[in-house]
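Enquirer: Take a look at the letters that make up each chain.
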Amino acid sequence: MIVLEKRPQPSKAWSYATPLVAVLATMVFGGLLFAILGKNPLQAIGTIFWEPLFGEFAFYYRPQLLVKGAPLVLIAIGLSLGFRAGIWNIGAEGQYIMGAIFGAGAGLAFYPLDAFYIFPIMVIAGAFGGWLWAMIPAFLKVRFGTNEILVSLMLVYVAEQMLASVSLGLLKNPEGFGFPGSRNLQSYESAYNAELIAGSGMHWGVVTALIAVIFAYVLLNRHMLGFHIRLTGEAPRAAKFAGVNPARLILFCLGLSGALAGLAGMFEVSGPSGVVSIDFNVGYGFTAIIVAFLGRLHPVGILLAGGLMALTYIGGEIAQSQLGLPAAAIQVFQGMLLFFLLAFDLLTNYRIRAARSEVA
Amino acid sequence: MKFTSLLTSAAMALGLATGAMAEDKTKVGFVYVGPVGDGGWTYEHNKGRLAVEEHFGDKVETVFVESVPEGPDAERVMTQMALEGADLIFTTSFGYMDPTINVAKKFPDVKFEHATGYKTADNVSVYSARFYEGRAVQGHIAGNMTKSNIIGYIGSYPIPEVIRGINSAYVHAKKVNPDVEFKIVWAYTWFDPAKEADAATVLIEQGADVILQHTDSTAPQAAAQEAGNVVTFGQASDMSEYAPFPRVSSIIDDWAPYYIARTQAVMDGTWESANTWDGIREGMVAIGEISDAVPADVKEEALALKAAMAAGEYHPFTGPLKKQDGSDWLAEGETADDGTLAGMNFYVEGLEGEIPQ
Chain A
1 MIVLEKRPQP SKAWSYATPL VAVLATMVFG GLLFAILGKN PLQAIGTIFW
51 EPLFGEFAFY YRPQLLVKGA PLVLIAIGLS LGFRAGIWNI GAEGQYIMGA
101 IFGAGAGLAF YPLDAFYIFP IMVIAGAFGG WLWAMIPAFL KVRFGTNEIL
151 VSLMLVYVAE QMLASVSLGL LKNPEGFGFP GSRNLQSYES AYNAELIAGS
201 GMHWGVVTAL IAVIFAYVLL NRHMLGFHIR LTGEAPRAAK FAGVNPARLI
251 LFCLGLSGAL AGLAGMFEVS GPSGVVSIDF NVGYGFTAII VAFLGRLHPV
301 GILLAGGLMA LTYIGGEIAQ SQLGLPAAAI QVFQGMLLFF LLAFDLLTNY
351 RIRAARSEVA
Chain B
1 MKFTSLLTSA AMALGLATGA MAEDKTKVGF VYVGPVGDGG WTYEHNKGRL
51 AVEEHFGDKV ETVFVESVPE GPDAERVMTQ MALEGADLIF TTSFGYMDPT
101 INVAKKFPDV KFEHATGYKT ADNVSVYSAR FYEGRAVQGH IAGNMTKSNI
151 IGYIGSYPIP EVIRGINSAY VHAKKVNPDV EFKIVWAYTW FDPAKEADAA
201 TVLIEQGADV ILQHTDSTAP QAAAQEAGNV VTFGQASDMS EYAPFPRVSS
251 IIDDWAPYYI ARTQAVMDGT WESANTWDGI REGMVAIGEI SDAVPADVKE
301 EALALKAAMA AGEYHPFTGP LKKQDGSDWL AEGETADDGT LAGMNFYVEG
351 LEGEIPQ
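Residue numbers (our numbering), protein chains in the order written: chain A, 1 to 360; chain B, 1 to 357.
If you are wondering where the hints come from, they were derived from the structure by calculation, not from laboratory data.
There may be inaccurate statements among the hints.
Said to hold, decoys possible - Distance condition first, Cα-Cα at most 27 Å in a straight line; then the derived DSS-like pairs of lysine-lysine:
1) Lys47/B x Lys172/A
2) Lys195/B x Lys147/B
3) Lys172/A x Lys195/B
4) Lys322/B x Lys183/B
5) Lys323/B x Lys175/B
6) Lys322/B x Lys175/B
7) Lys47/B x Lys59/B
8) Lys174/B x Lys322/B
9) Lys175/B x Lys195/B
10) Lys323/B x Lys172/A
11) Lys172/A x Lys119/B
12) Lys47/B x Lys119/B
13) Lys183/B x Lys195/B
14) Lys47/B x Lys25/B
15) Lys172/A x Lys174/B
Claimed, not checked - The following label-pair restraints were derived from C-beta to C-beta distances:
16) Ser148/B x Leu32/A: 51 to 59 Å
17) Leu53/A x Ser273/B: 53 to 61 Å
18) Lys175/B x Gln161/A: 34 to 42 Å
19) Asp114/A x Gln357/B: 42 to 50 Å
Just so you know, even glycine gets a beta-carbon here, dropped at the ideal spot from N, CA and C.
Work the whole structure out from these sequences, hints included.
Expert: Right, dumping it as structure tokens:
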């Protein structure tokens, strides 16, 4: 018989090893899935992980990894700070949408003025939109003790309705023949979040994501506030004695994660997407939760995890068109990643031992 | 599920053939907004793709990517297809419009065909079907079938294409049943079985005994079947698994002839940017079999209506018609012009509620 025995201390080795083991297990079982679907599993996994990085058209896919990964990393960094302190912002998707609406709205308000200050104003507006949306669950939690998980999640659906509303009304392109969706910001130079070097995929959102990683690293390791965040998550009672103000921490963590999600939305709408449309959001806010945990809530880990998720998206699309793998199989593959991560996480806190069955 | 795996294995056989691809093969790519197994919109586009394969045999190679979100992801998928040597790419959702134009700029030698949009370029055509002709037949049957005089309508997005359908169905339901009333629910999705089922249930609870849908899944059919006495129509695809009741007829999009013709044009080097809007006459819109649940005389009238449109003798929007606000739209005998129809953003007189703005 096999029993689980709680470790006296969480295993440091396992906490580093589980993401790698999870990726390996995903490859094995994903390969099995692909084999059942009648594909060559090695070829399929090769296509997903190899093709975007080193394949024939890697010159196009590598920059795309930045485009796809940057919003994930930016949002996940914000979420991870709260998660560490036990503050669960599940509504980043909604904050992402609000950031896009505020950012694009600020830019379109100036249309067709050509001025250098428009883009910076959009950046501030985007961050403000996300922050504002996150402040709702934060305020309700601090003031009335509501559950931030539920409130922030429900606000995603409210944000989606707002998005539909502005796409059909307030921000609708006046030259769009009555079709929903805003003007394309890509063709409005002052508001366009263009690639900094053509063909590099490097836009302001990517730069901001990298800055956020460094900022979060410094905050957590070198700053009193970072210490308070970690302490609150690991030992809430001790945090109380250390003089941590829980209300302030909630406002800070939710506000910051909201602002970062808002920034991600703003950079997306003003760059790669270009248009505020009903289907603008594609789930970055939710995928970022996976990225945050896959990266062990550590800034550098999140950077790597964001890259990995982006890789499975882009590689998955290539596998679809080259090998005819169904989209659902790719989604299962991505889901496995989180599943195995959580499953192997058990080994950080528990060890498996063979035990003789005893008569009770 | 079974069907999906069938398609998958078909696609796999294709994928294997890719390795041995000869240079002179014409490569055709398809970008789908839903899964090929949605039983509606994407399913029919994929049938068109399979028809292209069957027609040209080993002279073509087709590739597709399904469930592609509208936006930067679509742009990447199209770029990927173009990079891998596609000669012709069909992008089959309205939201792919700007991405299609962007990618087309980068690949001037690749031809693009965007469904239901309005932006063209030297290497971008647009195509769509006059679904509102099918809606006329549907409205006629619906107006006759309803006993509660309440017809439920599941709208996807309040865009001209959908509004045209509502207006056309309403005009023809009202003609045969002056007491008829439409209740419209906006689902803000093309494909989401859960939301569509919710919308159908809400409409049934409000007394609707006929449900029309402009969304792609069969969930409303299932909801109607459960309710027992509610009539539905197949959307985009025949949805004949729910025949003869609740599904009494359907509007079928038949893209195959168009896809074959455009592929042929690329092969011949005669492809030109075009704006195609075909209907019942050209066969792009078909009416699925009207089941025996519909009284014989109603069926006969419906078929006559269809024949009149096929012959070009009847236009679904023929005056006198007024707009919802009571202002005049079409005078006696006047028919709507394509420009107005393409950008239709108003309800006809008698419809209640407002188009979401």
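Enquirer: All hints, please: hold or fail.
Expert: Outcome of the hint check:
A C-alpha spacing of about 34 Å is found between Lys47/B and Lys172/A, which places the hinted pair above 27 Å, so the restraint is violated. Among the hinted pairs, Lys195/B with Lys147/B is consistent with the structure: their alpha-carbon atoms are about 26 Å apart, no more than 27 Å. Between Lys172/A and Lys195/B, the direct Cα distance comes to roughly 25 Å. Compliance with the 27 Å bound is thereby established for this hinted pair. Among the hinted pairs, Lys322/B with Lys183/B is consistent with the structure: their alpha-carbon atoms are about 19 Å apart, no more than 27 Å.
Proposed proximity of Lys323/B and Lys175/B is supported: the alpha carbons are some 16 Å apart, at most 27 Å. For the given pair, Lys322/B sits about 14 Å from Lys175/B by alpha-carbon distance, which is consistent with the 27 Å threshold. With a C-alpha separation of about 18 Å, the suggested pairing of Lys47/B with Lys59/B holds against the 27 Å cut-off. For the hint linking Lys174/B to Lys322/B, the alpha-carbon distance of about 13 Å falls within 27 Å, and the restraint holds.
For the suggested pair Lys175/B and Lys195/B, the alpha carbons sit about 31 Å apart, so the restraint of at most 27 Å is broken. Proximity of Lys323/B to Lys172/A is assessed by CA-CA distance (about 23 Å); at most 27 Å being required, the pair is judged to hold. A threshold of 27 Å between alpha carbons decides the hint, and for Lys172/A with Lys119/B the separation of about 17 Å falls inside it, so the pair holds. Our distance criterion of 27 Å between C-alpha atoms is met by Lys47/B and Lys119/B, whose separation comes to about 25 Å.
With a C-alpha separation of about 16 Å, the suggested pair Lys183/B and Lys195/B falls inside the 27 Å cut-off, and the hint holds. For the suggested pair Lys47/B and Lys25/B, the alpha carbons sit about 20 Å apart, so the restraint of at most 27 Å is met. About 32 Å separates the Cα atoms of Lys172/A and Lys174/B, which puts this hinted pair outside 27 Å; it is violated. At roughly 53 Å, the beta-carbon separation of Ser148/B and Leu32/A lies within the given 51 to 59 Å, and the hint holds.
At roughly 36 Å, the beta-carbon separation of Leu53/A and Ser273/B lies outside the given 53 to 61 Å, and the hint is violated. The given range of 34 to 42 Å is respected by Lys175/B and Gln161/A, whose C-beta atoms sit roughly 35 Å from each other. Distance hint check for Asp114/A and Gln357/B: the Cβ-Cβ separation is about 29 Å, which falls outside the suggested range of 42 to 50 Å.
Checked against the numbered hints above, the structure violates hints 1, 9, 15, 17, 19; every other hint is satisfied.
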